[in-house]
Amino acid sequence: MKVHEYQAKEIFKEYGIPVPKGGLATTPQEARKVAEEVGGNLWVVKAQIHAGGRGKGGGVKLARSLDEVEQVASQIIGMTLVTHQTGPEGKLVRKVLVEEGLNIEKELYLGMVIDRSSECPVMMASTEGGVEIEKVAAETPEKIVKAFIDPALGMLPFYARKLTFGLGLSGDLFKKAVSFMTKLYQAFIEKDASLAEINPLVITKEGDVIALDAKMNFDDDALYRHPDIAAMRDLDEEDPLEVEAKKYDLNFIKLDGNIGCMVNGAGLAMATMDIIKIYGGEPANFLDVGGAASAERVENAFKILLSEPNVKAVLVNIFGGIVRCDRVAKGIAQAAKNLEVKVPMVVRLEGTNSKEGMEILEKSGLSFITAKSMAEAAEKAVQAAGIK
Amino acid sequence: MSILVNKDTRVVVQGITGKEGTFHTTQCIEYGTNVVAGVTPGKGGSMWEGKVPVYNTVAEAVEREGANASLIFVPPAFCADAIAEAVDAGMGVIVTITEGIPALDMMKVKRSMKGKNVRMVGPNCPGVITPDECKMGIMPGYIFKKGPVGLISRSGTLTYEAVWQCTERGIGQSTCIGIGGDPIIGSTQVDLLKLFNEDPETELVVLIGEIGGTAEEEAAEYIKKEFTKPVVAFIAGKTAPPGRRMGHAGAIIAGGKGTAAEKMAALREAGAHVVESPAEIGAVVARVLGK
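As they're listed, the protein sequences go chains Z and L.
The first sequence: position 95 = 102 (my numbering), numbered continuously.
The second sequence: position 91 = 224 (my numbering), numbered continuously.
Looking at chain Z on its own, in the form it has when it is part of the complex:
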C-alpha cells in the first residue's frame, strides 16, 4: 500500500526522524494558515499525490510571502498533475503539504527495501540526492553504498557507520545521520514497510540532517496488524474499478485494451494477457478470481469487467484445481443471465470438473463461444472483439 508524503512524515515524526515543520492543507486559505503557524519567510507548497516526479510536473513550488503561499496553493490544488509516474491522464491534486523552506547545504539519498535475493533488509545511501536513484544505479553504481542488514541483529551501529562514512559525513553530522538511519530502520520494521525512500535527505547550513521528502510503501499482507497504517489508505488515489474489485477480494488491474479477461491464478492471468497480445489483441484488464471462485464471486467479477465500455469481448480462462469448473460455469451462466451480457464470451474450462462445467454452459441456453485450449480461446476472443 502506498501513502502520501505527509503521512510518511507523520510516521517519521512518531519515530523522532527529523522532518521540516509543516502541515496539510486542502484550500489556499488553509495553506496560508499553515504557513503562518510554521513561520519564517520561505515556504514550500507540495502537491500530495501517489506519484513521484511532482516537482518537474509543476506540483512543488516555493513561496516567499503568505500571499504567495495562498496564490501558489490555489494553482496546485485542483490541478491535474502529470508526471512520469501518473500516466498521460495525470492525477487530480486534492491536498498540499506546506512546509518551511530550508537552507540546503547538500542533498543526499537514503532508501530501504527488502532485498529478495539476499532475503534481508537493505539500506542504501548515496551522495547523489535529488535525482532518480535508478539513474544513479545505472550510470554510477559506485556512488550507492549498501548495507545488507541481518534481521536477527537489527540495525547495529556498524551498518549505519558503513553508510554514513560512505556519504563522507563526519563529526556532528555523522552522529545525526547514524541516529537518523537507526530510527528509519526501526520505523520500517515495526510498521512492516516494503519500501522507504528519502530523496533528498538534506544537510542544512545549520548542520541538521532532515528528510526533505519521504516515501513509504507498506506490505499489504501485514496491514491486519497495523490499523493505523491501513487507515491511511486514500481511495481517491486508486482506480474506482480496482477499489470495487478489492471489496469482493478480486485481484483486478485496469489496462487499455478491449478484451476483458477473467482467469483463476495470477500467473495464468498474466499468461492469458500475453497470449491475447500474441494473437493481435489487447487485454482490457488483469483479473485473478482467485482460489475460491464461487458463483457470486464470478458474477461480481463480470460486473467489474463489463463496466468498462471499451470491452468488446470477454475471455474466461479457468484451470480448475481448488476451483471447480462446474461452480465457475454456474457463476458464468448466472452472471450472463442477470447482467444481460451483450458482448461475445469465449470460455475455456479445463481441470477439475471441466466436463460438467461445459455441460452447464451448453444447457444454459445462452450463447457462449467455447474453446479447448488457451491458444484457441485467445484466437477466438480476438476474432470476436473484431480486431481481426
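Just so you know, the hints here were simulated from the structure itself, not pulled from any lab data.
Please note: incorrect hints may appear among the correct ones.
Unchecked claim - Footprint (simulated), chain Z over chain L, 3 or more residues, beta carbon under 8 Å:
id, stretch
1, 165-179
2, 201-208
3, 241-247
4, 275-289
5, 312-320
6, 339-345
7, 351-365
None of these values were measured; they are calculated from a predicted model.
We put the CB at the ideal spot given by N, CA and C, even for glycine.
Got chain Z; can you put chain L on it based on the hints?
Leaving out everything else, chain L in the frame of chain Z:
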C-alpha cells in the same frame, strides 16, 4: 527416483482441521499420499475424519507417527510460527500453501532455516507432487502422469496448464514444484534445479517464471554454468505494466527491473529453450525430448 517427496514420505498436515486443511487432506489421501498425522493446537488426541490422529504439536507427530514432511494450511497471521515449529521438529521437507504471510515474518523464518537440513517450498504455492507417489499440495492429481519432466513454477494454475500440455502428449513428470509467488520463498529455482541435476529420472526441466525480482536471471546463470539437462522456459507477464503488483506479491516490475524481456534474454543466453506463447510449452517439451 524423484526429488523432495516420494512414496516413503510421511506427511503431517498442520492446520488439518480447518476448512482448507480438511478438503485438501482428503484429496491428498485419495491420491495416495501417506498422511500419518495432523496438527491443530488444542485438538490433540482426536481423530480427523475418523482416520488420521491429530496432535497438539509437530514434535508429537514426529515422535508418535514418524512424520518427516509437513504440509501447512495455517492462516497467514499464525503461519510463520507454524513453519518455525515444523523446522524445530526436524522436518526434512515443508510445503506451505498459505497465501498472505507478511514478508518480514517470512524473512525471519527463512533465516532460521539456515544451516538446517530442511527444504521448504512456498508459501503461497500449489505444493509439490511426485506423480503416482506423493501429492503434498492442492493441485488436481489427475492431470499428472509419471515420466521424465521436472517442473518448477512460480505460479499455480499456470503450472497445471503446462503439466496438462505435457500429459496430453503422453509426456509424464518426475516431480513438479510450485515455488510460490511471494518475494521471499523457501526454495528458489536454483535450489531446485540443483536437485533435478542430481535426479537420474529427470531428463528435462520446465521452468515457469514471471515478472519481478531476479530469480530467473540467477537460474539462467546456474543453468549456463552447471546444469546438464535441457530446460524449456516460459516467463509470464510480457504485457504487464510496470509498478503494478500482478496478483502475486512478488510479481512487480520495479525501478525498470524484473521485466519478462530481461528474463527471457538471460535464459536464452544460458541455452534454455524459451517459449514465447504459453500454449506452446508442451509442444516444445515434446520436440526437445524427441517425442
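Hints, verified against the model:
| no. | hint | verdict |
| --- | --- | --- |
| 1 | 165-179 | violated (count 0) |
| 2 | 201-208 | violated (count 0) |
| 3 | 241-247 | holds (count 3) |
| 4 | 275-289 | holds (count 5) |
| 5 | 312-320 | holds (count 3) |
| 6 | 339-345 | holds (count 3) |
| 7 | 351-365 | violated (count 1) |
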